[in-house]
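The listed protein sequences correspond, in order, to chains A and B.
Take the first sequence: its position 363, counting from 1, is numbered 363 in this note's numbering, and each next residue is one higher.
Take the second sequence: its position 52, counting from 1, is numbered 52 in this note's numbering, and each next residue is one higher.
Among the hints, a few may not be true.
Claimed, not checked - Think about it this way: if two alpha-carbon atoms lie no more than 35 Å apart in a straight line, the pair counts; the simulated DSBU-like pairs of lysine-lysine are: (1) B/Lys-134 <-> A/Lys-206; (2) A/Lys-326 <-> A/Lys-292; (3) A/Lys-41 <-> B/Lys-74.
Honestly, the hints are just simulated from the structure, not real lab data.
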Amino acid sequence: MSGPIHIQPGETFTLNVGPQHPATHGVLRVKMEMDGEYIVKAETVLGYIHRMHELMGENRTYPQVLPNLSRLDYLGALGYTHAHVLAVERAAGIEVPERAEYIRAITVELNRIASHLFWFGAFVMDLGGFTPLMYAIEDREYILDMLEAVTGSRLTYCYYRFGGLYNDIDDDFIDAAKAFIPRMRRQLKKYDALVTGNIIFEKRLKDIGPISAEMCRKYGASGPVARGAGIDFDVRKNEPYSVYSEFDFDVPVYHECDSLARYMVRMDEMEQSLRIIEQGLEKLPDGPIMPKKKPKLIKPPKGDYYQAVETARGSFGIRIVSDGTKNAYRFKLRSPTYSNMSLFDEACEGMMIMDALAMMGSLDLVIPEIDR
Amino acid sequence: MSLTILNAVIAVVAAIAFAAVNAAYLVWAERRGAGRIQRRPGPNVNGPLGLLQPPCDGIKLMAKQIMIPGGADKALFMVAPALAMAPAIMSFVTIPFSDTIVAHSMNVGVLMIFAFASLGAMSILLAGWGSRNKYAVMASVRAVSQNISYEIPMLITVITIVMMTGTMDLKELVAGQAGGMWNWNAVPSLASPLMPVSFLIFFICSLAETNRAPFDLGEAESELVAGFHTEYGSMGFGLFFMGEYANIVIGASLITILFLGGWGCPLGLFPGVWWFLLKIYILIFSFIWIRWTFPRTTIYGLLNLSWKILIPISLFNLLLTAGLLKVF
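For reference, chain A alone in the conformation it holds in the complex (with noise of 0.2 Å):
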């Protein structure tokens, strides 16, 4: 490791962006053949999380798993354990209480309120702007306070039980979303001022970080990166689980396939997600929150199933395979950003690294739950 450098010219060189690197959000490698800013070819290399949370399905029983969910996709925890509880209560058989459902459809969108928050302040700091992180993290902040109250829990939450949930939400809770829902949606137009009307903000996003609508359907990518190139599709609105068509919402869809169409389509769910809370809030049942009914060892008939859920960052999807003893045969996680990953190294050729990176940010990964 002495000695001059010698570049030649027309030669390209290796970057290795990650494992540890402010951009890639966790530990995730991206392998780039630069030449000079702009990238030859990428190549993204998995595994530094790896924690087999598929295998640990398979020799735990189902209650034992739940916990692990929440683990894959720290942001948005909530999605995940409501995909495997619906996954186990279809194999199982277990009827859900109304009121359950339609608490746990307010908290999921609070939850994926909290993600895109989130998200939008990391993306923006993607882009150099640190301000609006700070903004978003305040608001963020009432959402995790209002779930704590309720779940015991801020980030990694096991609210959700099979048949109901772990405990009754309150007035204040009540109190606290109703509150928050019209300071939400003051907050959303205050973005929308410091951010989305910023010229270099939309210098840097518009026609930049093509993927088409071709590109999704190669790689199976879904959630706001699908529906930023124009395909419009949603869990919730297409295979109805929980509660959810009983909701008035309708999904955002942008046909410009750029960066821009997908910082669009997360902002315009915000505000569809506070639309669902507030019918949420407004039909909440009354009634209890566990069957009267529930089996005490949970032994799902022998079978396959498969329950998708519309997750924050894309369709989340459960398979189990039972054999019909307490633990599950085979227990696949089909976790979205995996998919809106695998699509980088393709669209990515050919950028600048700054423009790269950007659309990197734009795919909204969280590292754990590609490796899982």
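Could you slot chain B onto chain A? The hints should help.
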């Protein structure tokens, strides 16, 4: 004879002290300002209002071990931080704070400041090259191309002013603007109606020259880790940091002297050093404000702005002023 030497030494030491104190306390001001803007307290533990934070930081940085990465060019690696700070301090020598307070008045003051300012790009280049880090090399290439392309419109604007006033002495430049804000160079005059545009160009260029957000491409932390000073720790990093703030003070002082009437009062009353300080700190606050509000531009957007917009406009202004000076 010995008395004049003593006087000169005292003046130079005072200028250096002003630069160093400003560099240290602007870090504090920046962090407090950022805290205000981001609705958080900022440094507030050490001393009242966190005022002892800069000395604490300095002691911490100086107590740290100097790490030289393997394969680095040791000489260049060590020289670069010194080169970042020294020209910045040297520029203070010729800046007049008021009619009487100036370390050493020169009739080519403007030229000297720009000569030293362009040395700053050298330190970035050496730091990036010497530390043998791909991120650092990429960042220094960016920073140098940025510095070069922004020096051009900056100098063209200065030439316009020198043409109008006919002097390169900073003191005479200020004296020419005495008597109230209507005499300032930033205000359009018959000979140069486009002066506010020049002022804006100069302001943008000083932001870019000091590598400040939104033009901080040399240290774009989300892409290039920490840019050209990725491999620097301890006081090497500290010197780069202080050099940046010293450059900010110089940028603000230059704007004040060239465009905003130096130590003159906006209404022509009580000219003095206080007006000068007030003006530069208002400008510095606006630098801080801009940094914490805007995201970063792209490198090509930055170069396009300079070559396609700022340089043509400043050239046009130069020609227009030259023509109008002949007429009037």
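Status of the hints after comparison with the structure:
Of the supplied pair hints, the one linking B/Lys-134 and A/Lys-206 holds, its CA atoms being roughly 28 Å apart against a limit of 35 Å. For the given pair, A/Lys-326 sits about 21 Å from A/Lys-292 by alpha-carbon distance, which is consistent with the 35 Å threshold. Proposed proximity of A/Lys-41 and B/Lys-74 is supported: the alpha carbons are some 33 Å apart, at most 35 Å.
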